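Asks: Chains as they are written, first to last, in our numbering: chain A, 1 to 400; chain B, 401 to 800.
Derived by calculation from the structure, the hints in this document are not laboratory data. All the pointers check out, no bait thrown in.
Some, not all, of what chain B presents toward chain A, calculated at C-beta under 8 Å: (1) GLN576; (2) VAL586; (3) ASN591; (4) VAL725.
The structure displayed is predicted, hence computed values, not measured ones. Note that the Cβ used here is the ideal one computed from N, Cα and C, for glycine as well.
Number of protein chains: 2
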Amino acid sequence: MKVLVLGGDGYLGWPTALHLSARGYDVTVVDNLVRREYDREMGVDSLVPIAPLQDRVTRWEQLSGHAVDVRIGNLTDAAFTYEVVAEAQPDAIVHFGEQRSAPYSMIDREHAVYTQVNNVVGNLNVMYAIQETNPDIHLVKLGTMGEYGYPNIDIEEGFIEITHKGRTDVVPYPKQPGSFYHLSKVHDSHNIMFGCRIWGLRATDLNQGIVYGQSTDETDLDPVLATRFDYDGVFGTVLNRFCVQAVTGHPLTVYGAGGQTRGMLNIRDTLACITLAIENPAERGEFRVFNQFTESFSVRDMAQMVKKVCPSRVDIAEGLANPRVEHEEHYFHAANTKLLDLGLEPHLLTDEVIAGMLELVERHRDRVDVRAIAPTVQWRSSASRLTTAGESEDSSFLAT
Amino acid sequence: MKVLVLGGDGYLGWPTALHLSARGYDVTVVDNLVRREYDREMGVDSLVPIAPLQDRVTRWEQLSGHAVDVRIGNLTDAAFTYEVVAEAQPDAIVHFGEQRSAPYSMIDREHAVYTQVNNVVGNLNVMYAIQETNPDIHLVKLGTMGEYGYPNIDIEEGFIEITHKGRTDVVPYPKQPGSFYHLSKVHDSHNIMFGCRIWGLRATDLNQGIVYGQSTDETDLDPVLATRFDYDGVFGTVLNRFCVQAVTGHPLTVYGAGGQTRGMLNIRDTLACITLAIENPAERGEFRVFNQFTESFSVRDMAQMVKKVCPSRVDIAEGLANPRVEHEEHYFHAANTKLLDLGLEPHLLTDEVIAGMLELVERHRDRVDVRAIAPTVQWRSSASRLTTAGESEDSSFLAT
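Throw the hints in and build the complete structure from the sequences for me.
Replies: See below:
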């Protein structure tokens, strides 16, 4: 079975490509390597050094005997996208190939427009390439739990039954995304749902929570195969940031009230979910939505967990000014049974997992740039003046 | 009071500009004149001749004594958009400036991508220009009733209260749009709602039904002030098409079962609604949605009404293959009380109104190109081979 992994050089795309390759899938990685350019633009870097894509693929073939094809190009270039789909003739396309940082999309107008055009046009090109090449290809699209926002009712998996004024219907779950990035994913979801309806495409939209962890069976085989670990204010995620702060003796920074609650999952579960989705494809014409997370935690919870596990003394700085506009205490109860029904066996966020993350940070401690951690992008402003690590002498907000 | 009318050269933008100018508003029309280019691309033309924008404005000033400023440029050009907003310093921006044809957006990949990028990026630029110039500017954005699709429950005005598993919340009304054009409007609505939330923008989203009529107090003053009347398969609307078919002795073409039901309104009510929205602005931070239609009719109803009023014999051709993928018989009950509450006094679709439209067609009968009426764009195909009027000898579908 043949699979295209779009965005296969990224944090999750690369481990997914290896995971599928190890299981005998014929994998082609498609990427424009722009994730590495974002690092240069922001003046930050992955805590864990990452090898060039070509070196990764060569090492993987040496170790595993499995070849992974690589195609470098941009999904917004329709000719490239059509060509890749036509040549690879995949059974499934796993689509990670989008700009995936909320703060990056909120830097200013240019970054908001870039994010929406890059993501929406790339995804439209993939949809059209599938429709015109082979509408039987299963599109496995990465969305985000952030598409739903934080309503005061339970979040369902993509659709909700509503009874209103005596009539009942099942309709798409209403979306209240919290950044121009999250909005781009909502736009994608609407476009794909329509493609399933009019063309009979088959699609699985994986509304993923925040992924933590950097270790997988395949990437652990060799340092050249390692994937990213981001802790900076723009691409880093909160648990990674807390681990870096704990190890380097800085207080864990909780923005706002700390009650912001998010669905989360281990990187190993992302790989399992993608594999389950591919192995159990959507029907023709079906737009299927899975909520891809295993547990939920508040930011406050996460800080406490890291503090508890860290062997050295850790302080928590609470109630810092929140760069985002969001509910800081809210109801959160979201369904996530569809992947469990397909057989997902979750890896939970145990003390051992956090200890492993802290050890990873300790191992790469010399690469930590603490100045990169502070948020530099303000939701309330429409034009942030970015403080890249190399420019700033302190960690204060410099948004205009 | 100063108003920018984006898309002020179009079917509704132009009469809106005149209507506001006649009422003493200081009006600037912004347009890139691309609507006239679509005609050339499709090989079609407005039934009623339309004068160049500059001639329209000159004639209006001669007749009314009111000057209307004109700025030619593209909203996707951020520098232009920022400059126009900064120079005009408007109190309100009425935003008609988008590609507004569903079939045009469904021609092929290029037209789908063009429609979404043109509309979404133009609208993002307008939002950012407001936020960075003067967030007090009231954005009056034209949306469409087609954003909702055709659920089996009542359609509300933008938001719906849901009780689910014992909890209740008011959430954005779920959207099920039926073309890449309609999707672009849904994307816009989500983006604007977010702008109101994070920046405190004030916005009114007018989810408009299908507009009919070509006569307004201002455009009737002189043929140079006339607005468009579109009856072609791509930009024309169903009632206009039926009137042209009736006058020229062709059967009225009902695609599918004919039960497709749409909210509709007279062009005079569009002008009244825009004026009401401007005079009663949204609050800072408010994203307000009005459903802008006055009556609803099925396609079958409309054919019967035209047949009844037309003095000559009219046949109805029913059950023709439907180029769209849509429900052909469905529940439709949509709220539209908010504009009525503000004082809207509807002009209904009476026999006299239809008779007036038939007379208009009769007057311009020599300009009718019946070959332009047939649908050339197929929803089920992703690549239509367009038959422009100049190429085709018959009216059959030539979609590939």
